[in-house]
Structures are given as C-alpha cells and as structure tokens.
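Construct the complete structure from the given sequences, taking the supplied hints into account.
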Amino acid sequence: MGAAIGQSLPVALGVMISPLPIVAVVLMLSSAKGKVNAFAFLLGWFVAVGGVALVVALLAGSGADDDGAAPAWAAWLKIVLGVLLLLVAVRQWQGRPRAGTEPPTPRWMQAVDTFTPVKAAGLAVLLGAINPKNLLLVVSGGSTIGAAAAGDTTVSVVAAIVFAVVASIGVALPVVVYVSTGDRAGKMLDEMKAWLVGHNAVVMAVLLLVIGAKMLGDGISLL
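Each residue of the sequence shown is one higher than the one before, counting from 1003 in this note's numbering.
You can trust all of the hints, since none of them are fake.
Capping the alpha-carbon separation at 27 angstroms, the derived lysine-lysine pairs in DSS-like fashion look like this:
hint, residue 1, residue 2
1, Lys1189, Lys1121
2, Lys1121, Lys1037
3, Lys1035, Lys1189
4, Lys1121, Lys1135
5, Lys1189, Lys1037
6, Lys1121, Lys1035
7, Lys1135, Lys1216
Source of the hints: derived by calculation from the structure; they are not laboratory data.
In structure tokens, the structure reads:
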C-alpha cells in the first residue's frame, strides 16, 4: 500500500496546485452563495478526482501477473501518458501570455456569481475529470496506483482516496482562509486569484513537464 500511495503522491501534488480550480473556489467565495457553492465544488472535485483515479487504477491493475507484476500494457500506458503530458506542457508554455498582456478570462469565470451548488459541483467535475490537462494528471495518478497495487482492490481504493484527499488540498485552502480570517479574507483571496490567473500557463507547463518526465521514466523502467 505504501508503494501505491508514495508513487502517486507527486502526481497528486501536481493536481493539488492546478491554478484554475483554486481560482474557481476563490470566485465562488466572493459570490452570494459563497460558502455553499465552495463546499459543493470541493465535494464534486474530490469525488471526480477520486473516482477517475480509482477506475483507472483498477483497470491498470486488472492484468497483473500472479506474482504481482504489472502488465506490459500498463508500462506502455505510462509512456503514452508521459509523452502526452510533455506535449501539452510545450503547448502551455508556447501559449503563455507575454509580458504586459492580460491572459484571456474563461467564460465560466464570468458566470460564477450566478452558480447554484449543483452548477458548482458540475464545474468541479468538468475541471477535475473532463478538462484535458487535469484529466491527464488524474489518469497518470490512477495508472501509477494500479501498477503499484498489482490487482489488490483494497490497496487501489485506499490509495485513490489518499490521492483525492491530497489533490483536494489546493481547492480547500481558499475555504480555510475564508473561514479562519473573516473580513481579511477578501484581499488575500483577490491577490491569490490575480497571481494564479496571471501565471496559470507557466505553472501548468512546469507541472506537466515534471510529471510527464516522471511518467515516461516510470513506464520505461517497467518494460
């Protein structure tokens, strides 16, 4: 179990510091239904990330040998994921806003004020399990868990839960700041949002590059 959790932890940290989901929570906290929507987003994010990671982990570990060795296709899956992550990292870096230019604002950011808890949870699922960049990261984490768990369902379930918990720390942080600091939260969260929006492309490029290189190396080592 330790191997499944430990090997997937770097990927979980990458998901944890993905900027846009954190920005979504910050925006929700400044809306009329701030706390309710933020908690709905947090729950949706946890379920989406944990669910995808668990499904991939179970699939990746389903073909394990009797001695617990991961199937050959799991190694190739890691290699493919690593290459995809590296390609997306390059694209993110090339698309980063140049100095003095404002990054484009996603449409959903403009509609956050009108969100209901259901829409907030739906956005969490969209960003955590459908958005290509985060989906690649979560699938990478799930495949890492599956290869290390080697078909042990209990290990896969526990490791996926731990993965989801760690991956949710980033979106939980603004809620903690909001609850613990009261009136002072507004300025802190605004500064956090501005930095994350401005540096989203660079942060994601670095994350995808590091995790992509890790996945590629892990896959090659399994062959």
